[in-house]
Amino acid sequence: MLVKLLKYDLKYMIKNMIVFYLLSFFFAITTRILFHIEQSVIVTILRNISIGFLISMAANILINTMMRSWIRFRDSLYKDESYLTHTLPVTKNDLYLSKFILTFLFFFLGFIVILLCLFLAFYSKENWMLISKFVKNITIGLNMSTIFFVTMFILVLFLEFFNAIQCGFYGIILGHRKNNGKIGYSVFYGFLFYLITQMMVLGLVFIYGLFDPSIMALFKTATVSIDANAFKTLSILASMFYLGIIFIMFELCKKALNKGVNVE
Amino acid sequence: MHLKLLEIKNLNKSFDKKAILKDVNMEISSGKIIGLLGKNGAGKTTLIKIINDLLTSDSGEVYVQGKPIGVETKKIISYLPERTYLNKNMKVSEVIQYFKDFYEDFDAEKAEKLLKDLGLDINAHLSKMSKGMQEKVQLVLVMSRKAELYILDEPLGGVDPATRDYILDTILSNFNENASVIISTHLISDIERILDEVIFIDKGKIVLQSDADKLRKKEKSSIDEIFRRMFKC
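Sequences listed follow chains R and D, in order.
Reading the first sequence from the start, the letters are residues 1 to 264 in our numbering.
Reading the second sequence from the start, the letters are residues 1001 to 1233 in our numbering.
Honestly, the hints are just simulated from the structure, not real lab data.
In this text, all values refer to a predicted model and were calculated from it rather than measured experimentally.
Worth double-checking, as some hints may not be accurate.
[Said to hold, decoys possible] Far from chain D, some chain R residues (derived; all Cβ distances over 12 angstroms): (1) LEU34; (2) ALA59; (3) LEU109; (4) LEU155; (5) VAL201.
[As the list claims (entries may be wrong)] Stretch by stretch, here's where chain R covers chain D in the computed footprint (C-beta under 8 angstroms, at least three residues): (6) 1044 to 1056; (7) 1073 to 1081; (8) 1101 to 1111.
Just so you know, even glycine gets a beta-carbon here, dropped at the ideal spot from N, CA and C.
Build out the structure end to end from the sequences listed, making use of the hints.
Below is the structure:
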């Protein structure tokens, strides 16, 4: 049943997101073409406009994935459509898992689309060298491999976004237990749990810092300087803590949903 | 041992400290058409929503064929809510596929035939259909299941008298004969002819449950008249 639920959730998201993916690719190709035709004032203006649209589309993909995931979650589980969702012979766990996987897939897809569009629009040997040099400068300073640095950076960013979305889900579940002001309470609870999870990550890093002076140094100095070991430890710690918190929030959401709903 | 189809014990539900259902107890057996009758706000929809896992009760128990509300009971209950619940971005054919995917007892051919009889295009988009047409699509989907218990919440609300007759005929001619149908409504005169049993609900309490014919004989009047007398403002 989970596969069937996922099939319909995927259809919904694709229908809503495809236009943003296509627009991103359109502006990526336009930008590339405008880089390669004879330069003039008009071409430069058009190219800059195209770059502006491309960047706003990339941001739009991330924001829209987040918003659409929340809207889909709310509409499917608490609005008119919920009369069908909750009367399907499926478990509440499957209902939640479907939304969880859906969000994961679309965030991953969003990242891929953004990277592909940026590659399409700006790839050239010179740009690649420039980025490589920039990243290398950082990684040499931190004494680590480029792959490790990029992977950890994207992973922490991905987990951070994912945690924010799941806090939103939990906020929606708790907010819709109220008889009045469901939207307001959903936003409030979502924001509250996001703050709590951020504080938890910070707190756990601080506790770890009690045993590791290079991490504690981050809390004691005002300057943002980080050595290689501290960066490695911090990025691995943050990823692990986020994974732990995502797992805890996942279980909390399932438990809250299993207690039943009160549909309007 | 013969299991009761639906059994409700000491069910209570309140909103903002206002009691909506008060110690509701009832039993329903198979093969009957039951009218759940009450004024607006009597608690009919709340009761139906609890049976369908759309609301949680404060206390009490609900069993369908001896099982508590859950995946197994949802397999045998076919529910028509009082509102349109289908995803408006879907086509009728996609909704048929949706029901086919999730309900093992769904008869897609029957649904297509009923839709054709009603003059509804299965390739039409739900968003392009009127509310009345969407309600007909929902009724067809619900009645195309071979369920054990059909629960229809206000199926006649907002429908013209000619369509009301058609809906009742659709219900009568399409439900599994071993199944039971609960019809919640305040339009009693329209459904009276098809009822085997009646349940009167008022202010969250079951005030009467009786065989329809026995009640008519006993009171020497129609169910509609009995209801009007009982709940006169």
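Now the hints, each set against the structure:
Every beta carbon of chain D lies more than 12 angstroms from that of R:LEU34, the smallest distance being close to 36 angstroms; the non-interface claim holds. Against chain D, the non-interface label of R:ALA59 holds: every CB pair exceeds 12 angstroms, the least being about 25 angstroms. Remark: the non-interface label on R:LEU109 is consistent with the geometry, its nearest Cβ contact in chain D lying 20 angstroms away (cut-off 12 angstroms). Annotated as non-interface, R:LEU155 keeps its C-beta farther than 12 angstroms from every C-beta of chain D; the closest such distance is 34 angstroms.
Look at R:VAL201: its CB is around 33 angstroms from the nearest CB on chain D, clear of 12 angstroms, so calling it non-interface holds up. Beta-carbon proximity to chain R at under 8 angstroms applies to 6 residues in the stretch 1044 to 1056 of chain D; the threshold of 3 is reached and the given coverage holds. Note: the stretch 1073 to 1081 of chain D has 5 residues with beta-carbon separation from chain R under 8 angstroms; the three-residue rule is met and the coverage holds. Counting residues of the stretch 1101 to 1111 of chain D whose beta carbon lies closer than 8 angstroms to any beta carbon of chain R gives 3, which reaches the threshold of three, so the coverage claim holds.
Checked against the numbered hints given earlier, this structure breaks none of them.
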